[in-house]
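There are 2 protein chains.
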Amino acid sequence: MSSRTPALNLKTINPLILDVHYAVRGELAIKADKYTQQLANPQLKSGSNTNNVETLNNEVEELPFKHVVTANIGNPQQKGLNQKPLTYWRQIISLLEYPQLFQDSDKKELISKIYPSDVIERAKTLYEEIGSVGAYTHSKGVLAIRKRVAKFIEERDGYPADPESIYLTAGASAGVSSILSIALQEGDGCLIPIPQYPLYTATLAYLNAKPLPYYLSESQDWSMDHETLLKAVSEAKKNGTPVKALVIINPGNPTGACLSKEAMEQVIQLCYEEGIVLMADEVYQTNIYDPSHRPFHSFKKILKSMPENISNSVELVSFHSISKGVSGECGRRGGYYECVNISNEVMEQVYKMASVTLCPPVSGQIGVDLMVSPPVKGSESYELWKKETDLIHNNLKERSYLMAEHFNKLNGISCNPAEGAMYLFPKIDMPKKAIEEAKKRGKEPDVMYALDLLDATGICAVAGSGFGQEPGTYHIRVTALCPETKEFIGGFEKFHNEFMEKYKD
Amino acid sequence: MSSRTPALNLKTINPLILDVHYAVRGELAIKADKYTQQLANPQLKSGSNTNNVETLNNEVEELPFKHVVTANIGNPQQKGLNQKPLTYWRQIISLLEYPQLFQDSDKKELISKIYPSDVIERAKTLYEEIGSVGAYTHSKGVLAIRKRVAKFIEERDGYPADPESIYLTAGASAGVSSILSIALQEGDGCLIPIPQYPLYTATLAYLNAKPLPYYLSESQDWSMDHETLLKAVSEAKKNGTPVKALVIINPGNPTGACLSKEAMEQVIQLCYEEGIVLMADEVYQTNIYDPSHRPFHSFKKILKSMPENISNSVELVSFHSISKGVSGECGRRGGYYECVNISNEVMEQVYKMASVTLCPPVSGQIGVDLMVSPPVKGSESYELWKKETDLIHNNLKERSYLMAEHFNKLNGISCNPAEGAMYLFPKIDMPKKAIEEAKKRGKEPDVMYALDLLDATGICAVAGSGFGQEPGTYHIRVTALCPETKEFIGGFEKFHNEFMEKYKD
Chain Z
12 MSSRTPALNL KTINPLILDV HYAVRGELAI KADKYTQQLA NPQLKSGSNT NNVETLNNEV
72 EELPFKHVVT ANIGNPQQKG LNQKPLTYWR QIISLLEYPQ LFQDSDKKEL ISKIYPSDVI
132 ERAKTLYEEI GSVGAYTHSK GVLAIRKRVA KFIEERDGYP ADPESIYLTA GASAGVSSIL
192 SIALQEGDGC LIPIPQYPLY TATLAYLNAK PLPYYLSESQ DWSMDHETLL KAVSEAKKNG
252 TPVKALVIIN PGNPTGACLS KEAMEQVIQL CYEEGIVLMA DEVYQTNIYD PSHRPFHSFK
312 KILKSMPENI SNSVELVSFH SISKGVSGEC GRRGGYYECV NISNEVMEQV YKMASVTLCP
372 PVSGQIGVDL MVSPPVKGSE SYELWKKETD LIHNNLKERS YLMAEHFNKL NGISCNPAEG
432 AMYLFPKIDM PKKAIEEAKK RGKEPDVMYA LDLLDATGIC AVAGSGFGQE PGTYHIRVTA
492 LCPETKEFIG GFEKFHNEFM EKYKD
Chain D
12 MSSRTPALNL KTINPLILDV HYAVRGELAI KADKYTQQLA NPQLKSGSNT NNVETLNNEV
72 EELPFKHVVT ANIGNPQQKG LNQKPLTYWR QIISLLEYPQ LFQDSDKKEL ISKIYPSDVI
132 ERAKTLYEEI GSVGAYTHSK GVLAIRKRVA KFIEERDGYP ADPESIYLTA GASAGVSSIL
192 SIALQEGDGC LIPIPQYPLY TATLAYLNAK PLPYYLSESQ DWSMDHETLL KAVSEAKKNG
252 TPVKALVIIN PGNPTGACLS KEAMEQVIQL CYEEGIVLMA DEVYQTNIYD PSHRPFHSFK
312 KILKSMPENI SNSVELVSFH SISKGVSGEC GRRGGYYECV NISNEVMEQV YKMASVTLCP
372 PVSGQIGVDL MVSPPVKGSE SYELWKKETD LIHNNLKERS YLMAEHFNKL NGISCNPAEG
432 AMYLFPKIDM PKKAIEEAKK RGKEPDVMYA LDLLDATGIC AVAGSGFGQE PGTYHIRVTA
492 LCPETKEFIG GFEKFHNEFM EKYKD
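For the protein sequence lines, the chains are Z and D, in the order given.
The opening position of the first sequence corresponds to residue 12 in my numbering, with each subsequent residue numbered one higher.
The opening position of the second sequence corresponds to residue 12 in my numbering, with each subsequent residue numbered one higher.
In isolation and in its complexed conformation, chain Z is listed as follows:
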């Protein structure tokens, strides 16, 4: 490399980029990747370099674990977790990828021995509607799919939905970042829950908008406390920050809490009074553990059930995704958002910005279609689909309960059981000596805890500081996706007890 100063360096690039933080895939994930590679290629530890694979340093001894347990990311289908994709989905998409399978006379007969007839029929219908999955679609997404999304919303909520106000996206993240980047001016305030999914702080940092944190109440099962929210609003106003938007994640990530109808009404009332746009991240809406006790209500439904002056004016954008739920199709990148009460002039801007990115991935659009219209009862594919989705629901729920129960048995940990989503966010009562040690290492105490946990057990969990937490409290986020829950618990328990012992007063 020459000694000429590069045109791009940390002083010359977009300074807002430097303020972006995103813990879920940071240092810890990089280290876990290295361990995974090392376990797959044991010769790597000798430092035998290839050009292509980053190697650990030569000092590394054999690892004290056999595999990396990826409890850091809500990625159900990844290796090691292996949540089985829904057969119905994959059958239909495989046909759409290679339509000759149902078009060519010499293939049709063979295919009918493999694929159920309702799958073949549905693939044909989708093919007529979409055409080739290799073509750009409308920038909003395929109209026929948006119509079925509208129908899904109508049936879920009991209120009409307009396909022209529904945009298909490359996952919920793409939708969130697009809408926030339109809605927020530099310096605008955006209320976000703490703890939160770090996409929000990352996006706000990039937009030079102000995150206005409102703390969720850990002592009350991570519920929203309306007084706290009001305080955050008045605080912002006192500081001259316009409160433009309010983000709510329901069911919560990382908390797993589901909002009550009453809490939602209060929030909407506040948005009405203060002229705040409501951003409802509802990607975990089907991941509800006990719907009879704590069902999911969409913000659209609650909004539309309120008096007309409110229901026809509060601006709401609701986000959904195929990455979570029972499909877990993260890699396909599919989702949608519905805009409610957004003015036409702003909707035109939303359309323009969507058109610059051409169109969402067609495979993700098909995923959205399959999510909003699963096989109907009585159809050939229904029983298998039901069996597969029930298993996924039950697994998540059982693991989540089991893990929470065990966390609460350990000294120095307390954990609110989750009501939904796919995470737990246990609190670590961090010993003083551990906090001092972390300081010496130049790390947040919970980051040190998570890194040590990974080094000792191969368990990959994200430190609470990546999501935000009350100052002086420490957490980690773990997913409830690991099939070997007991192995996870055993490894975790051993590490935690040793950690507490090591740093005890």
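Read the hints as simulated data drawn from the structure, not as lab findings.
Check before you lean on any hint, since a few could be wrong.
As the list makes no split between identical chains, a pair holds if one copy fits it or if it spans any two.
Result set (BS3-like, lysine-lysine): computed pairs, CA atoms no more than 27 angstroms apart in a straight line [stated by the list, open to error]:
{"hint": "1", "residue 1": "363", "residue 2": "454"}
{"hint": "2", "residue 1": "454", "residue 2": "515"}
{"hint": "3", "residue 1": "42", "residue 2": "363"}
{"hint": "4", "residue 1": "124", "residue 2": "420"}
Use these hints to put chain D onto chain Z, whose structure you have.
For chain D alone, kept in the frame of chain Z given last:
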């Protein structure tokens, strides 16, 4: 809707959004969509509304054409154009979507009657490398695929490539917007060709960066004129605008021009001297009509062939895509960029920003893999692949030549033949009276021309003003993708002659 002022209106949203323009999918595309819907559902013209489909007004008479000819977007596989997807691609992806096809003993045998054995083998290998296509991958994309991209680049250029500097993306657009948003500070200057693909002006407007236009030389086959480029640089410096980046589209969109090696060396020299980052949009690199006369050279190759002080310091990002070339898989959203000579500290920021968007669509990543490593000569799938890709190359070339030839026969049109890409950008000698009429209608003259063309013939072409053009000149961009080239030419000729007659002096 209540009378309460909406929180989101044109005064309160992000003001930079208002400055974004994107002609390719603007008014013209919306009108063409309506015509397509009207032709598919003739009852629409009576104004019988459905909630879901926008209707034309009641006055609309039967349309003077039978179908809409979509010559506005480089979308080879769309309905009406129907470029056939490559069989090899679709076979492999269909297997990866439903791996039971090659895993389950009861399906394997049937499948072996449909799929060539090399396809099945490759799908198995990819499955081992990737796992489920429904899982998030590494934020940079699957390592095994990035390694094959590096190999492709090495074989193309004769210089090494590092998989860690290669990022898979959701198409080239996503990569361009991500890199520009990192590289540019507010107020930074970015040299862009005029005419250009409007993604660049749209992205720069959003970033509040300054587009620094350099005009391509229409009288010299749309070549880059170095003096013009130098003038744009010194002009910017005189105005106190830091010249941070230079965008080059090669082969050109919308011009179809391919750069000579000498022009490229001059550009690189300039970047070296001025400390400018080079952004090479090389998405049409395989769409070359006459490689013996005007071959494609990558900027990476030319850069690496230059003296060491230059080759090891000029910062280059090169973009590629599966949407163009012979694959034309736009809807899959796949591409990559390679970063050359970018400092490690900046590469860390690139990685961080990629991780916020989680990962590119896996289906698009697989597309990149198939693009960079097609079936090898002698393999079972090779002959069909060769036949299909040859046909696509030949069709594009023949149509492009034929269309250019015909344009040049018409009065008041001149058209540089294209050397590559998939567009033509003919110049319309706009009659004064047409310019006056356009003024009355509040439109750019070429926008009026394109809208009238659509109304009269169903041919959808984008006005040159969407791409930029020398003041006082008027163009349209048409793709060379329409199978009914002669029908296109006939309809166009009739409209154009009538237009010229109508507005003659």
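Each hint tested on the structure:
Taking the closest pair of Cα atoms, residue 363 and residue 454 come within 27 angstroms of each other only across two copies (19 angstroms); inside a single copy the shortest separation is 43 angstroms, beyond that limit. In the homo-oligomer, the alpha carbons of residue 454 and residue 515 lie at most 27 angstroms apart inside one protomer (19 angstroms), although the nearest pairing across protomers, at 76 angstroms, exceeds that limit. In this homomeric assembly, residue 42 and residue 363 come within 27 angstroms of each other (Cα to Cα) only across copies, at 15 angstroms, whereas the closest approach inside a single copy is 40 angstroms. Within a single copy, residue 124 and residue 420 get their C-alpha atoms no closer than 52 angstroms, and across copies no closer than 57 angstroms, so neither meets the 27 angstroms cut-off.
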